[in-house]
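These protein sequence lines map, in sequence, to chains D and B.
Position 59 of the first sequence, counting from 1, maps to 59 under the UniProt record's numbering, and the rest follow consecutively.
Position 3 of the second sequence, counting from 1, maps to 3 under the UniProt record's numbering, and the rest follow consecutively.
Check before you lean on any hint, since a few could be wrong.
A few chain D residues that don't get close to chain B, going by computed Cβ distances all over 10 Å [as the list claims (entries may be wrong)]: (1) Arg23; (2) Asn55; (3) Ser67; (4) Met69; (5) Ala90; (6) Arg96; (7) Gln107; (8) Thr159; (9) Ala161; (10) Ile165; (11) Ile171; (12) Ala177; (13) Ser181; (14) Ser183; (15) Leu186; (16) Leu193.
Simulated DEER-style distance windows between Cβ atoms [said to hold, decoys possible]: (17) D:Gly128 to B:Gln283: 45 to 53 Å; (18) B:Thr266 to D:Ile219: 34 to 42 Å; (19) D:Glu13 to B:Asp276: 23 to 31 Å; (20) D:Lys213 to B:Thr270: 29 to 37 Å; (21) D:Gly146 to B:Leu272: 27 to 35 Å; (22) D:Lys208 to B:Glu94: 51 to 59 Å; (23) D:Arg96 to B:Ala185: 46 to 54 Å; (24) B:Arg107 to D:Glu145: 53 to 61 Å.
The set of hints was computed from the structure by calculation and includes no laboratory data.
Backbone N, C-alpha and C fix where the C-beta goes; we use that ideal spot for every residue, glycine too.
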Amino acid sequence: MEVESNVNLSMREVNCKLGMFTRPDGSVFISQGETAVIVGIYGPIEVKPHKILINKASVETHYCPKSGMPGIADKLCESILHNVCEAALASALYPRSSIVIIIQEMQNCGGIIPCAINACCLALLNAGTDMKFLFASASCGLDDEGNFHLDPDDLFLETAAASFIFVFDSIGKGLIASHTSGSFNLAQYQSALELCKKAAEGIFDFYKSTIKKDLKDKI
Amino acid sequence: MAKFRENLITNCEKKFIIKNLEDHTRLDGRAFDEFRELSIDFGRDWGCCYVSLGKTRVLAQVSCEIQRPKSSRLSEGILSINVELNPLGASHFESGRNSELQVVMNRILEKCVKDSRAVDMESLCIKINEKVWAFRVDINILNHEGNLLDCASIALLAALAHFRRPDVSCDGEETIVHSYAERDAIRTVIHHYPVCITYALFKEGTVVLADPTLLEEGVADASLILGINSYKEVCTLHLGGKALMDPENILKCTSKAAHRASLLVTEIKTVLKQDDERRVQGQINSFQSFKHAQGTKSLDTLTKYLDQWSVQKRKRDSKRKNTENGTVQPLGKGSAVLLPVEDDGAKSWKPSSDENESDSCS
């Protein structure tokens, strides 16, 4: 394919640290390039009376920006994360309880949504919460000349024509969420999807090695 | 609803902690006036500071914008401190809702830093009666393991000292804000560095613990919070709870706290200097502690300390047979020194090796 020659296939460096907080049941710090988030999980815990569901656990997601009150952009990010986590959690196992997911922005240098989605998955693994499948997210940007750039940072996103965020599940490697902005055509969407799918596979491997390392450290 | 999701402290835990205090033991093996380990970290952005004190974690971020000054103070900038009890910190914290703890913390930090005029507010003025800089410090509590206030005050101060505001130039009626890339950013003028230091009081103020953990905070009768700067000037004094305390004890605590404050301020200044040097060299390593620190083992710390506890107790008991309230340290031939169990502020001293040698020579 002609597109592939112009593709930047490398992701920014990913660092992570599991279980560094004592209060939450599961916690993780992930930095993807300069973007960094902390995710903490409480759950299943006591549910607030007005949020109680009798057939499954209610999933609460809080996205906390570093400064100021949560704005509209933060609420959008929160709702994307909420939908992905709610789909993946086996919440029917915990009726009349609540699973709380808190995302704390540490540094936003572009691509905070995919970074936070990956952090959520690792934190849920760290907390030992039951899930139907794992999920991994990758993003890519499209510049004016039609070149793709995997895992774009804030400098690229300022001038990008379009940006794509995809979330995949671990079982069938199927698409579970897609979030796009900007203008693009169908072919470009398809190639962005292919590109991110490849990157997501790398992230699933990263999960595996991280959890393996964590378990080894504990013994 | 008040106790919703909150951790309650059982009577057994209370009794156990108080019994241990009688034996001069704390659950984590610290001395009564010993503080937990402190580490300060900066992010890539100006004024972003991550502080960990023991297992308590706090993130502070300074942001600024141009506003109209308050009508009562036309030539002064605005500083607002906003403590956010992030639900990450503990499961009963709720974001965006005012709780008692949040209001108390906010007020004490304001008293300590704002009312003590630590930050030069007049330098934040751009045009009298029209435009001033308004600083907002957001303090996010990430992990609540006791002594939030000390941790938050260190984060607040370090973040304020780290922050640089963009340069502005006035052109007649117009004010131009230059971006960080265009012109060098300006530091905030800080006259003095006040930090909060918390002591927990037990048994009607007779037992004083420095840097209480979450459990100790819950059991304590009262807490004494002192805001002190490096010149040993008291900026805040807050006695909460229901303990009687005589003035002598408060003065004793104050002198201990003054010593600790000067240590803290030096620590903050060294960390800031290191960060400056790194930035001059062009390497910005944000949140280093995460990338390089060893993973914390999820071994239950309480059980770990309890294992050690039985051993330590026996040792202390045998020592206690010799003297009632101290340990005897031999000092060469035929001489000994009685070391008190608690000493004032300074680290516990031991006879130096030189002295030993000269003694044995004579």
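Any hints this thing doesn't respect? Which numbers, in order? 1, 3, 4, 7, 17, 21 and 22
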